[in-house]
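Just so you know, the protein sequences line up as chains H and C, in that order. Take the working numbering: the final residue in the first sequence is number 1208, and no numbers are missing along the way. Take the working numbering: the final residue in the second sequence is number 118, and no numbers are missing along the way.
None of these hints come from the bench; they were simulated from the model. A quick note: this is a predicted structure, and the numbers were derived from the prediction, not measured. All C-beta atoms, glycine included, are put in the ideal place defined by N, C-alpha and C. Worth double-checking, as some hints may not be accurate.
What the hints assert, rightly or not - Facing chain C, a subset of chain H residues (Cβ under 10 Å, in silico): (1) 887; (2) 938; (3) 940; (4) 941; (5) 959; (6) 1044; (7) 1048; (8) 1198.
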Amino acid sequence: MPKQKLVLIGNGMAGVRALEEVLKLDREIFQITVYGNEPYPNYNRIQLSKVLQGDTSIDDITLNNWNWYKENNITLHPGENVMRIDRKKQIVHTEKGRMERYDKLIIATGSNPFMLPLPGADKEGVIAFRNIEDCKKIMDYSKKYRKAAVIGGGLLGLEAARGLLNLGMEVDVVHIHDYLMERQLDSTAGKLLLKELEQQGMNFLLKKNTAEILGRKKVTGLRFTDDSRIKADLIIMAVGIKPNVTLANEAGIPVNRGILVNDYMETEVPNIYAVGECAEHRGMVYGLVAPLYQQGKAMAKHLCGIEGEGYQGSILSTQLKVSGVDVFSVGKINEDANTKVYKMHDDWNGVYKKIMIENGKMTGAVLFGDTKDGSRLLNFIKKEADIEEYLDTAGSETTQVSLVADMPNEELICGCNGVTKGAIVEAIQSQGLTTVDQVKGCTSASRSCGGCKSLVSELLACTLGDKYNASQKEAICGCTTLSRDEVIHEIREKGLTHIREVMNVLGWESDGCSKCKPALNYYLGMVNPLGYEDEKEARYVNERLHANIQNNGTYSVVPRMYGGVTNSNDLRKIADAADKYQVAMIKVTGGQRIDLLGVKKEDLPKIWADLDMPSGSAYAKGLRTVKTCVGESFCRFGTQDSIGMGIRLEKKFEGLNAPHKVKLAVSACPRNCAESGIKDVGVVGVEGAWEMYVGGNGGTHLRQGDLLFKFKDDVALIEMIGAFLQYYRETANYLERTSAWVDRIGLEHIRGVLSDRNTVKELNARIEEALSIVQDPWKTAIENPALLRDLYENVKVPAEI
Amino acid sequence: MEQTLRKVFIGESADLPEKLGKTVVIGQKEIAIFKLENGSIKAIENRCPHKGGVLAEGILSGEYVFCPMHDRKISVENGRVQEPDDGCVKTYPVEVLEGHVFILIAE
Ligand code: SRM
Ligand SMILES: Cc1cc2nc3c(=O)[nH]c(=O)nc-3n(C[C@H](O)[C@H](O)[C@H](O)COP(=O)(O)OP(=O)(O)OC[C@H]3O[C@@H](n4cnc5c(N)ncnc54)[C@H](O)[C@@H]3O)c2cc1C
Ligand code: SF4
Ligand code: FES
Chain H
408 MPKQKLVLIG NGMAGVRALE EVLKLDREIF QITVYGNEPY PNYNRIQLSK VLQGDTSIDD
468 ITLNNWNWYK ENNITLHPGE NVMRIDRKKQ IVHTEKGRME RYDKLIIATG SNPFMLPLPG
528 ADKEGVIAFR NIEDCKKIMD YSKKYRKAAV IGGGLLGLEA ARGLLNLGME VDVVHIHDYL
588 MERQLDSTAG KLLLKELEQQ GMNFLLKKNT AEILGRKKVT GLRFTDDSRI KADLIIMAVG
648 IKPNVTLANE AGIPVNRGIL VNDYMETEVP NIYAVGECAE HRGMVYGLVA PLYQQGKAMA
708 KHLCGIEGEG YQGSILSTQL KVSGVDVFSV GKINEDANTK VYKMHDDWNG VYKKIMIENG
768 KMTGAVLFGD TKDGSRLLNF IKKEADIEEY LDTAGSETTQ VSLVADMPNE ELICGCNGVT
828 KGAIVEAIQS QGLTTVDQVK GCTSASRSCG GCKSLVSELL ACTLGDKYNA SQKEAICGCT
888 TLSRDEVIHE IREKGLTHIR EVMNVLGWES DGCSKCKPAL NYYLGMVNPL GYEDEKEARY
948 VNERLHANIQ NNGTYSVVPR MYGGVTNSND LRKIADAADK YQVAMIKVTG GQRIDLLGVK
1008 KEDLPKIWAD LDMPSGSAYA KGLRTVKTCV GESFCRFGTQ DSIGMGIRLE KKFEGLNAPH
1068 KVKLAVSACP RNCAESGIKD VGVVGVEGAW EMYVGGNGGT HLRQGDLLFK FKDDVALIEM
1128 IGAFLQYYRE TANYLERTSA WVDRIGLEHI RGVLSDRNTV KELNARIEEA LSIVQDPWKT
1188 AIENPALLRD LYENVKVPAE I
Chain C
12 MEQTLRKVFI GESADLPEKL GKTVVIGQKE IAIFKLENGS IKAIENRCPH KGGVLAEGIL
72 SGEYVFCPMH DRKISVENGR VQEPDDGCVK TYPVEVLEGH VFILIAE
């Protein structure tokens, strides 16, 4: 039998998921063609918030890559708009003049952002937040401008606002109601949320009605109906979405708010289905993926001729994807005459919980501050459970592991993809899964918003028991199944001496990759500092060339400036070198020294020779800078010689290799002008003593350092820093900053280990060994003609081609 | 269409660093030459299809180089960008005659 032609309009989350469901049921009946007007394969729209917030990149949010379409024999026309549906002839027409006949047609055109029809809404700088294009535009604006306004204090608006803050903009959020997220939260939770977000740096204008967008060609601000104004260079409109029903409308397919469909997602026109945000089912149009995926499942069955009860509607639950804020809501959120509520409000810890009860049955809930119970509540509410039943089990919510252990199999773990505990456990057991990523690959759990990752991890833990803990020591990369600890054990045990040998002896499945080679290089050097010869071909370019590569292939040069202190002679040398090599920019870095940017590779050795200063290792997985404040020598608050201590530390530890970069700082009083609170090791002088903080990080995942010990004596402090750094070098995973390491192995554990005098002495002996071989890399390069030729010279062929 | 290939001498095999790339500049063109662990020599365009990363500075593993900019994995044999990414860089045939290395470039 020839295959039937299935055409999908809209290459988005609901449509493509529905195709996946079809393929799962029957790979033979359809020949599939997809039209999508975005020039990308299907991507995770939800994660755009995370892209804007800097937690992931556009490259990483693809759900089905180009190859997926190929492998499943799906013809994809990316970047091509469908313009018209001819329902009589069963043909779709595209903007490129293509005509495609269909036997079955799925409309999954999603929604369009709703743009308030304000005067000035067409000005440059008014952007919606819906797709990759919008996301890129917003990121571009943030580079050029400072002030942004978000119209709309709902989920999308707040996630966008958080992103703008992360991009360094000032943000006003304009909202028409008197509290935030009024569709998902009650006023108590909405107000708690406001307080929290204000603390994160958002500014709110509540009960404000925008009257006009100001500016000539470009946006300059907003005017409200009360005639007040604010300035803004960028305006994000996040007031809602409206189903994209144009095509259906023009084809005469019945539409209300969305395209009308029955329980099998059939429209009223034969052979045409609609699914996703563009569809309206029993009066509901959904804007979250969980219901859309359920729709896709029901539709796929129907398409493949399999009987089922069809789609029955969904109970919605939402979560806000802003780090540091936990809110959750499900079902009904506001009480009326028929409801009773169970309420708990702990003002001190900022935790709020409300459960709605009708005739003893649970019908909705709102959580703020602590959302661990969210998925359990969702399950109880879905089955309209008795509140008493819930309260009986609520007391036992001690740990998450016991929580998932006690869940019945039919409970949902992943709300977005509708994956139950039973399905995950089954997959773990039958397919031998051991990691969250594998579970995601096999069952789709945590594939959309990612909110259930920790539950999945706990399920793995309670299903696999000790085996999971073993697999927690994750394989260092895809080339091996061995964990870091196992590899290091083998290196020690078998006396392995170089990377190739490790890969051969330990059965690597390939020739290595950019993850394991640098890691092995570090581990080998850490185990055997005196005997190991660093393998430069396993180093990332920055550490191979001892300079930071930049986006245009030039490099930056940062000479050392101990403790941030310089002198006129060094400054003169820097100035002369900058002129001679015509550097693109001279910049003061965030690490208290000077960066010469835009140096050609061939010029690196020459500029180093001219500078005649040690390398600042601004590229190194190892000691970077020791920042200092002016301290007791000049400052009226200074209690200690912070500059002296900083320079001493930098001279002692410079050139040290480590699993990741290591930054130190010394401040001479708790005002902390050297930012000791966010350094791998931060020292703070107080009257008569030094405090030592560890595990601070000012980067992607801000973490405040923890006080480890306090010392009266300089030597004891330096010794403890040595011991701490060596313990980190010996036990951290490659590319694990001290912040993540401290979290993983625990501050108390570290304090315990370092409380033993002997251990501290031994760790110091080993770090001294590692330091004993340190040489200045710039000097080494200049003096070694073979290195210069191999690494820094290009071959120039004078031919004209 | 027939294309004439020109043979360009780029140096001695012994002078190329092992398991590393080398940038060769021919007129306006930049080519990355790699001497693999098994001794063979490969030549590809020195520009990553993603955002133009200089491939000669990537980490070489077997027949693959990892772009130093965003870690795309690219075969130096056939220029193909590996899953989950896609794209392709131009490859150039290499001839080694008595230790002299030549690349063949279309006129
Ligand atoms: C030059 C400098 C920015 C500046 O102009 O001030 C800089 C430049 C780079 N930083 Fe940084 N960081 C610089 C200070 C910082 C600081 C501030 C500080 O050190 O006080 C931080 C936050 C503090 C921290 O690390 O805890 C910082 C957090 C990062 C991170 C995030 C690290 C993290 O653990 O989350 C990265 C990415 C990474 O290392 O993986 C990064 C990576 C980079 C790289 C090397 C990007 C790369 O991998 O190629 C940048 C090189 C740009 C170039 O073209 O040369 N840079 N970077 C600063 C050099 C300081 C120095 O003198 O050595
Ligand atoms: C920033 C952001 C955060 C979100 N966060 C969450 C969240 O945390 N949880 C959650 O559940 N949901 C979230 N959502 C909502 C979720 O992304 C959507 O519900 C889901 O993507 C809808 O799927 P869809 O397939 O119906 O529409 P879409 O994913 O929008 O797909 C429709 C596609 O069809 C294309 N198209 C339209 N017309 C045509 C045409 N004529 N020809 C060809 N192609 C066409 C569109 O360009 C689009 O690519 C978020 C959305 C955004 C924007
Ligand atoms: S210098 Fe640092 S903060 Fe600036 S763009 Fe590069 S990595 Fe990001
Ligand atoms: S430029 Fe090569 S991976 Fe981005």
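Give me the numbers of the hints this structure contradicts, sorted from smallest to largest.
-> 1, 2, 3, 4, 6, 7
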